[in-house]
Amino acid sequence: MVDWIAAFSMPLIQNMFIVAAIACVLCGVVGTLVVVKRMVFVTGGIAHTTFGGVGMAYYLMSVFAVSWFTPMIGAAVFAVVSAVIMALPAVSRRMREDSVIGVLWSVGMALGVIFMSLMDRSVVTPRSFESILFGDILLVGNTELKIIAVVTIISLIVIATLFRDLQALTFDETHAKLSGINVTVMNVILYVIIAMTCVVALNVVGIVMVIALITIPAAMSNMFTESLKEMMIVSVILSLIMAFFGLIISIGVDIPPGATVSVTMGVLFVVAIVVKTAFGKITQGKME
Amino acid sequence: MIPIEIKDLSAGYDGRAVFSNVNLELRDRDFLAVIGPNGGGKTTLFKVILGLINPMSGTVKVFGEEPVVSARKIGYVPQNENLDSEYPISAREVVLMGMRSKKGIRPFYSKEDKEAAERAMEYAEVIDFADSRISKLSGGQRQRVYLARALAPEPKILMLDEPTASLDPSMKDCTYDILRKLNKDGVAIMLITHDMSSISHDVKRVACMNHRLIVNDAPEITQEMIALGFHCVPELVHIGSCDCGGHNHG
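Protein sequences appear in the order of chains U and L.
Residues 188 to 475 in my numbering are what the first sequence lists, from first letter to last.
Residues 64 to 313 in my numbering are what the second sequence lists, from first letter to last.
Bear in mind the hints are in silico, worked out from the structure with no lab data behind them.
Just so you know, not all the hints are guaranteed correct.
As the list claims (entries may be wrong) - As a list, the in silico DSSO-like pairs of lysine-lysine whose alpha-carbon atoms are at most 27 angstroms apart:
1) L:Lys199 with L:Lys124
2) U:Lys364 with L:Lys174
3) U:Lys416 with L:Lys177
4) L:Lys177 with U:Lys224
5) L:Lys70 with L:Lys124
6) L:Lys247 with L:Lys219
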C-alpha cells in the first residue's frame, strides 16, 4: 500500500506534479489551436524530430564538451527548425504537407539514433531510449523546470496578444489574409509555439506520446464548448484533471507516469464520446 | 474612381494559364454576375482580384491600386462549403472578424467594432442567431453570417463565390433580396453563380468565363455566351416567396 503522505512530501513527486501542471496549461491552450486547425500530425512530426536534437545534444556534450547544449535545448532547436520548414510557404505550396511531415519525422528520428550511437558514453551517460521516447517526468530537474515555466509564460503571452489573429487564421486563412494579416508570419509564430509546446510536453509523456497531451483534452473540450476561448479554458481544466488522475494511478500502481497519463486521457476521451452521444440523444428525445 | 479595372489579364497556376486576355470593369454601383462552366477560370479571376495569386500578365486595379494594397477594401464571401462548420465560434465572433481589415492588430474589439458588427448582422438578417455556434446554423444562415462578416467594415465592393449554391429556393431569394438592397445602397457587387434565374431578376450585367471572358451590359445571356460556356441548358431555379428563417435548423 502506498503511503500517500510520504509520497507527496517527496520533492521528486512535488516536482513531477508542478511540471505536469505547467505542461497541461500550455498544452490545453496550444492543443486547442492544433485541433481546430487540424494540425495533429504536424504536431506529431515536430515532436518526433526532437529525438534528433536530443541525440545531437548528447553527441556534442560527450564528444566536443559543449555542456550548455543540453538535450532540452537540442530538442527545442530541432523542433523549431522543423516547424519553420513546415510553415514556410516555399515548402507548403510546393509539397504535400503529409510528405513533408513524413520526411522530417523519419529523418529526425534517424539522426537521433545515429548521434546516440556516435556519442562517447564514457563522458556522458545518456537517458535510455525508453525514457526519451516514452517520457520520465521524474527526471525533470530544477533547471528544466525553470525553462519550461519561462517557455510557457512567453507562449501564453504571445497567444493572448495575437488571439484575434490566431482565431482568424485557424478559422479561415483566406479571409485572414484578405483582412491584412500576414499569414506567413502568423503561421510561423503558431508553428514555433507548437514546437515549444512539444518540447514542454515531452518532459511529461515523452516524444511518442506528446500528441496525447496536446490533442486529447482539446478534442474533448471541442465536444462541449461554444467558443475558442471557452475551449481553451475547458481544455486546460480537463488536461489538469486527467494528468493528475493519471499520475496518481501511476504512483499507486507503480507503472510509468507518461504512459499512464496517455492511457487515462484516451479512456476518458472514449467516455466523453459516450456521454456526448447519450446527451445528444436525450436532448433530441426531449425536442421530439 | 473605377472600383475594379482589369486589362489584358492572364492568370493560372504553375506557369499554365487558366484564362488569358481578360478585360473587365466593375463599375460604380454595378451588379455583375460571372457565369461559366467549372474549370473555366471564374474562381481564379476572383483570386487575382483579391490579390491571392499574382497575374501572369496584364493588370488589375482596385480603386486604382494593386490588389495586394487594396484587397482589404473588398468584402469577400467565400463558398459556404469551404469553411469548417465545426469550429467553436459564434456567428457574432465570425462577423467581428470582418473588422480586422479596418483596424489592424489588437487583442480586443472596441465598442465601435461591436456596433459595426451589430449593424452588419441586422443588414444580413442574422441578428436573431448572433450568439449561436455556427455549427448549429443551417447552410443558408451560415452563408448570411459570412455575408455579414464581409459587410461589417462597410466595403464599397462585394465579391461572392456562389452565394446560393446548395441553398433552398426561399433562402436563395432571401440572399438576393439582401444583395439588391446593398446594391441600391451603393455597393458594387460581383458574384460567381450557376443560378441562371438570378440573372434576369437581380443582376445588371452578365459575364461568361471559359478561359476567356465575354461581357454583356444587359442582364441577359447571349448566344455567344452559350456557345462559349455551355453545351447544355443551365440550371433554372424556382423563384418562391422569401422566408429568411430567423430560427435555427440544427
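Verification of the hints:
Between L:Lys199 and L:Lys124 the alpha-carbon distance is near 39 angstroms, which puts this suggested pair outside the 27 angstroms criterion. The hinted pair formed by U:Lys364 and L:Lys174 meets the criterion: a straight-line CA distance of about 24 angstroms does not exceed 27 angstroms. A threshold of 27 angstroms between alpha carbons decides the hint, and for U:Lys416 with L:Lys177 the separation of about 18 angstroms falls inside it, so the pair holds. Simply put, L:Lys177 and U:Lys224 have alpha-carbon atoms about 26 angstroms apart, close enough for the 27 angstroms limit, and the pair holds.
Proposed proximity of L:Lys70 and L:Lys124 is supported: the alpha carbons are some 9 angstroms apart, at most 27 angstroms. A hinted pair counts as satisfied when its Cα atoms are at most 27 angstroms apart, and L:Lys247 with L:Lys219 qualifies at roughly 12 angstroms.
Violation of the numbered hints given earlier is confined to hint 1; every other hint is satisfied by the structure.
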